[in-house]
Amino acid sequence: MKKLLTSFLLTILLALGSLAQSGGELHFCLRSEPKTLNPLLAADDASETIRYLTGGVLVRVNRMTQELEPGLATSWKITNGGKAITFELRTGLRFSDGTPFSPEDVAYTMQQLMDPALHSPTGDAFRASEGKVQTEVLPKNRVRVTFPAPIAGLDRLFDQVAIMSSKSPQKEMAVLGPYYVGENKAGSYLILKRNPNYWEKDPAGRQLPYIESVRLDIQQNRDIEMLRLTRGEIHFINSVDADYFDKIAAQDPSMAHDAGASLDSEEMWFNQVANSPLPAYKKAWFTSTNFRRAVSEAINREDIARIVFHGHARPAVGPVSPANKFWFNPKLQPHPFDKKSALQRLAQDGFHLQDGTLRDHDGHAVEFSVITNAGNKARERMATMIQQDLLGVGIKLNVVTLDFPSLIERITHSFDYEACLLGMVNDELDPDAQMTVWLSSADSHQWNPSQKTPSTPWEADIDKLMRAQASTLDPKKRKEDYDKVQEIAWQQEPFIYLVNKNALSAVSPALHNAHPVVLRPQVYWNIDQLSLSTEVARNH
Amino acid sequence: MNWAKTAAIVFLLVISAACLLANFIAPASYAHQFRDEPDAAPSRQHPLGTDDLGRDRFSRVLYGTRVSLLLAPAAALLSSLLAAFIGGIAGFAGGRVERFVMAGTDLFLSLPWLFLLITVRALLPLNVSPIVSVLITFAMLGCLGWAGAARIICADARALSRSDFILLARASGSDGFRLFWRHLVPNLKPVLYAQFWISVPVFILTEANLGILGLGVAEPLPSWGSLLRELEGFSTISGQAWQFVPLILFILVVSSFHLVLTKEELAV
Amino acid sequence: MLRGGIDTLSALPKLVAKILITVLLGGFLGATLVRFAPGFGIDEEELDSRLSTQSIQALRETRAADANIFVFYFHYLSRLLRGDLGISRTLQRPVRQLVAERLPETLKSVAAGMALGWTAGFFLAVAVVMSRAWYLDLLGSLLVGVLLCLPAAVLALLFVLAQAPTRLLLGLIIFPKMFRYSRNLLGRSSALPHVLTARAKGLGNMRVLVWHILPTATPQLLALLGVTVSFAFTAAIPMEALCDMPGIGQLAWKAALGRDVALLVNLTMIVTLVTLMANSASEMMGKIFAVSEA
Chain A
0 MKKLLTSFLL
10 TILLALGSLA
20 QSGGELHFCL
30 RSEPKTLNPL
40 LAADDASETI
50 RYLTGGVLVR
60 VNRMTQELEP
70 GLATSWKITN
80 GGKAITFELR
90 TGLRFSDGTP
100 FSPEDVAYTM
110 QQLMDPALHS
120 PTGDAFRASE
130 GKVQTEVLPK
140 NRVRVTFPAP
150 IAGLDRLFDQ
160 VAIMSSKSPQ
170 KEMAVLGPYY
180 VGENKAGSYL
190 ILKRNPNYWE
200 KDPAGRQLPY
210 IESVRLDIQQ
220 NRDIEMLRLT
230 RGEIHFINSV
240 DADYFDKIAA
250 QDPSMAHDAG
260 ASLDSEEMWF
270 NQVANSPLPA
280 YKKAWFTSTN
290 FRRAVSEAIN
300 REDIARIVFH
310 GHARPAVGPV
320 SPANKFWFNP
330 KLQPHPFDKK
340 SALQRLAQDG
350 FHLQDGTLRD
360 HDGHAVEFSV
370 ITNAGNKARE
380 RMATMIQQDL
390 LGVGIKLNVV
400 TLDFPSLIER
410 ITHSFDYEAC
420 LLGMVNDELD
430 PDAQMTVWLS
440 SADSHQWNPS
450 QKTPSTPWEA
460 DIDKLMRAQA
470 STLDPKKRKE
480 DYDKVQEIAW
490 QQEPFIYLVN
500 KNALSAVSPA
510 LHNAHPVVLR
520 PQVYWNIDQL
530 SLSTEVARNH
Chain B
0 MNWAKTAAIV
10 FLLVISAACL
20 LANFIAPASY
30 AHQFRDEPDA
40 APSRQHPLGT
50 DDLGRDRFSR
60 VLYGTRVSLL
70 LAPAAALLSS
80 LLAAFIGGIA
90 GFAGGRVERF
100 VMAGTDLFLS
110 LPWLFLLITV
120 RALLPLNVSP
130 IVSVLITFAM
140 LGCLGWAGAA
150 RIICADARAL
160 SRSDFILLAR
170 ASGSDGFRLF
180 WRHLVPNLKP
190 VLYAQFWISV
200 PVFILTEANL
210 GILGLGVAEP
220 LPSWGSLLRE
230 LEGFSTISGQ
240 AWQFVPLILF
250 ILVVSSFHLV
260 LTKEELAV
Chain C
0 MLRGGIDTLS
10 ALPKLVAKIL
20 ITVLLGGFLG
30 ATLVRFAPGF
40 GIDEEELDSR
50 LSTQSIQALR
60 ETRAADANIF
70 VFYFHYLSRL
80 LRGDLGISRT
90 LQRPVRQLVA
100 ERLPETLKSV
110 AAGMALGWTA
120 GFFLAVAVVM
130 SRAWYLDLLG
140 SLLVGVLLCL
150 PAAVLALLFV
160 LAQAPTRLLL
170 GLIIFPKMFR
180 YSRNLLGRSS
190 ALPHVLTARA
200 KGLGNMRVLV
210 WHILPTATPQ
220 LLALLGVTVS
230 FAFTAAIPME
240 ALCDMPGIGQ
250 LAWKAALGRD
260 VALLVNLTMI
270 VTLVTLMANS
280 ASEMMGKIFA
290 VSEA
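Protein chains in written order, with numbering that gives the first Met the number 0: chain A, 0 to 539; chain B, 0 to 267; chain C, 0 to 293.
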């Protein structure tokens, strides 16, 4: 309670402190051009950034507390066993172009979003089962959305749904969020202007957001981005690589923010697809639990975290990062680095060392390749470290970096690969978001996708548990089921989880009230509360 | 100028000897990761410090030089010969042959060969050894790098074929091939030297960039290209002096090549 | 001179036909290379774990539409006749619009780069050859060596660090080529017997250069100029991608990563056209020059 009070007072103080600092232009970089400005179709990072800054949502996940907060809806209630949700909307709001906001807009947005021809990733997240989604406009400014089947964590999904106007001639460019797109110079920059009709006010009754406009430069080159930050041309970098982070910290410790372990993980997996073009003996290795666990135990995760990520990462345990406090299974520990145990497991499957080379029971020398996406220095280094680690148990690993389309073709179409090292970006705390990864019938079940029937008993168990947790709204029961999924994943290691990276960001002292967090968007999650130093505001 | 040429030859010989004897000179294996000392400064054990994974930089430079110094000039030679052959024949023959070959050359200059390289990678097995991969990469570079030079050589050959001494040789009864091989090609030397000299560093750097396609030198084998990639980044600015040793060595070797190759016209 | 001019003029329709055929062939070959490269018809979005099976299937189907290269090229050409360049899949916009927005940016960079590269490279070569000073030659070669050996990414970063206009970067990439070729060509010419005689007669440096050295090297130097134009366009790809300059080089890089065949065909055709025009122009000038010399 005391903590709560202090943070409340702090917020008030900060809000008052920023009173005189309204205005100015916030500068930061997008790493690519947004593929779309339609909030319903946003899938890439840049488009999601624009959606976050411009879109008004019914409810918002507070990135700091991870709790749900009112947005365009003042209250909401899940009914009908998780099938329906009713929102009570704010009244008297207007879109950025002046069009009034009404419950019909919510109905219109949901109808557009759930249009099967749109193929919106945001919409697909709601599509747990076949059937139509209905939206009813109720009296007293209320709206009810009904789904054909219960959806676990339904309310949180609305954090991604930017409400569009059904009447505005500007279509999706009329927004309810803090900013609207003022200028878009393709391939170069975007300028977002303050939305004069934004609904939120600060405790002193002043219109939010404080900052007048936001300039987003499209800058793919991270070195140049760093240089611009140190020169004061941009105000922050949302996610900084570990080696750059240490350089910033050495220059000015107040700029460097390490928010701790993130939800993202780096992992390696073996190709277990039955009809892949690999030789039968290699398929036998990769489908063996002992082999996978031995490889896992032969990898020194501590070293990877210390050398590749300069200590800004921690050995990963499983699909859930320890940063996800509710869903993480605390009984599990990272797999230890233990060559002896690895060799014992391999011996159980008939592998043996011969002149320092590991051979299977038919005498094949154990050699395989790992593919990873080119241009990601951290992954290239991880692969090189794993290469040396595996040499310790007599395994020869070949590292192959590929451009992304070639890599995707191999892991999703031709299945012509042996092992793959990639990262999993994870924003959603709820396990329901992982459904398509764990169900054996799903396309994103990377090690062996789209199976007709589960090919192993443990995959069948995971299928059952994932479905069970999705069919109930009881958090305790869901947690029990998902804990078991994590245990099976730990036992079987279809994914060899390596590390959870820390959320690292760099923020210029000119930007006030920034509290970088683990969840995306790490630095500007509270964009409407941010403000700039007066002199900086004048400079830009 | 002679002393400079001598110095260049001596330098190239020393470098060649050092990388041939790398097994005896290198203080450590180029692949071994000293994980307790990543990014270390020079010391008795590591004369040039270590890289970001703790590998001995001096050893990596020695082995990397071996790969690049052997293969890049070979590929450059291949592309120069192709340019001489294609451009020379076109310029010498003139007329329809010249127009046709030069149109082909222009087309060759404009096509997105990147996709051919990507396709080649896809046709190779994933477990191809680093040596084979790097050999194929340099061979491809040699095969793709001739077009620009061929155009200049064609113009050169055309001008030469009209010059007095070729007319004289023709008059004295030299046949086409003999004329081309004995009289024309030797006179194309200045352009060929330029092509060769430019191609060496360009190929070395391109090889490193082809890493993004999974071609070229694969970890843990070092090459100059991969050593120079260390500099591609913020570390260029904040880097320590010893990180630049591979770059300085690279520049010195390329300049030495120049000194050894072209000199005679200015020897006054 | 006059006869040469008339010859060239009468050859003009032939030249235009040649350019047209080569450009169309270039477009087709470019499309073929893209089509058969791995990763064609694959979308990064397929890895989005939120997407349902139906959506992924739909995504694949839209991509498969371009799979038959002959059908694609035929459709492309019939649209081209109507002035429609197609729609870029990766950027979701008409190619015509994209090219119109970005071509001026690249033209500016190429012009600035070539102006710098040509002038610096050519004059340094002339200075080296005419002064016949070994130290100048060594110095020039070292400078060129440094520029050739520095990875483009490092050069770009240094430019940003020095707050120099990144447009000039292209100049630094062209300069070594220009210098090396012209120095070698002029060097050879300056060693020709009639030049040595002229020098022995005590002719001034300037006169030797203009009357004796340059004429023998001009056709080759013109060919060099032509080649550097297409070289500048190719070099613009990594440069614009590295420095985030919104030109067609950056567009080409994105198109390559996204296997965006509609965009790539057009860009290949543009580059082919530029290459052909530059080289044909330099060739024609070389021939006119040769005729007038004769």
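To be clear, the hints were calculated from the coordinates, so they are not data collected in a lab. Please note that a few of the clues may not be correct.
Claimed, not checked - Partial selection, computed: residues in chain A whose CB lies under 7 Å from chain B: (1) D302; (2) A373; (3) G374; (4) N375; (5) Q387; (6) L401.
Claimed, not checked - Where chain A lies over chain C, by a calculated footprint (3+ residues, C-beta under 8 Å): (7) 46-53; (8) 94-102; (9) 156-163; (10) 218-230.
Fair warning: this is a prediction, and the values are worked out from it, not measured in the lab. The beta carbon of each residue, even a glycine, is placed where N, CA and C say it ideally should be.
Evaluation of the provided hints:
Of the supplied interface hints, the one on A/D302 holds, with its beta-carbon coming within about 5 Å of a beta-carbon of chain B, less than 7 Å. Taking 7 Å as the C-beta contact cut-off toward chain B, the hint placing A/A373 at the interface holds, the least distance being around 4 Å. For the restraint placing A/G374 at the interface with chain B, the shortest Cβ-Cβ distance is roughly 6 Å, inside the 7 Å limit, so the hint holds. Nearest Cβ of chain B to the Cβ of A/N375: about 10 Å, over the 7 Å cut. The hint is violated.
Against a cut-off of 7 Å between C-beta atoms, the interface hint on A/Q387 holds, since the closest Cβ of chain B lies about 5 Å away. Restraint check, A/L401 versus chain B: the minimum CB separation of about 5 Å is within 7 Å; hint holds. Check result for the stretch 46-53 of chain C against chain A: holds, 8 residues qualifying (beta carbon to beta carbon below 8 Å, three or more required). Counting residues of the stretch 94-102 of chain C whose CB lies closer than 8 Å to any CB of chain A gives 3, which reaches the minimum of 3, so the coverage claim holds.
Look at the stretch 156-163 of chain C against chain A: 3 of its residues bring a Cβ nearer than 8 Å to a Cβ of that chain, three or more, so the hint holds. A count of 0 residues in the stretch 218-230 of chain C with a Cβ less than 8 Å from any Cβ of chain A is obtained; the coverage claim is therefore unmet, three being the minimum.
Against the hints set out earlier in the document, violations occur for numbers 4, 10.
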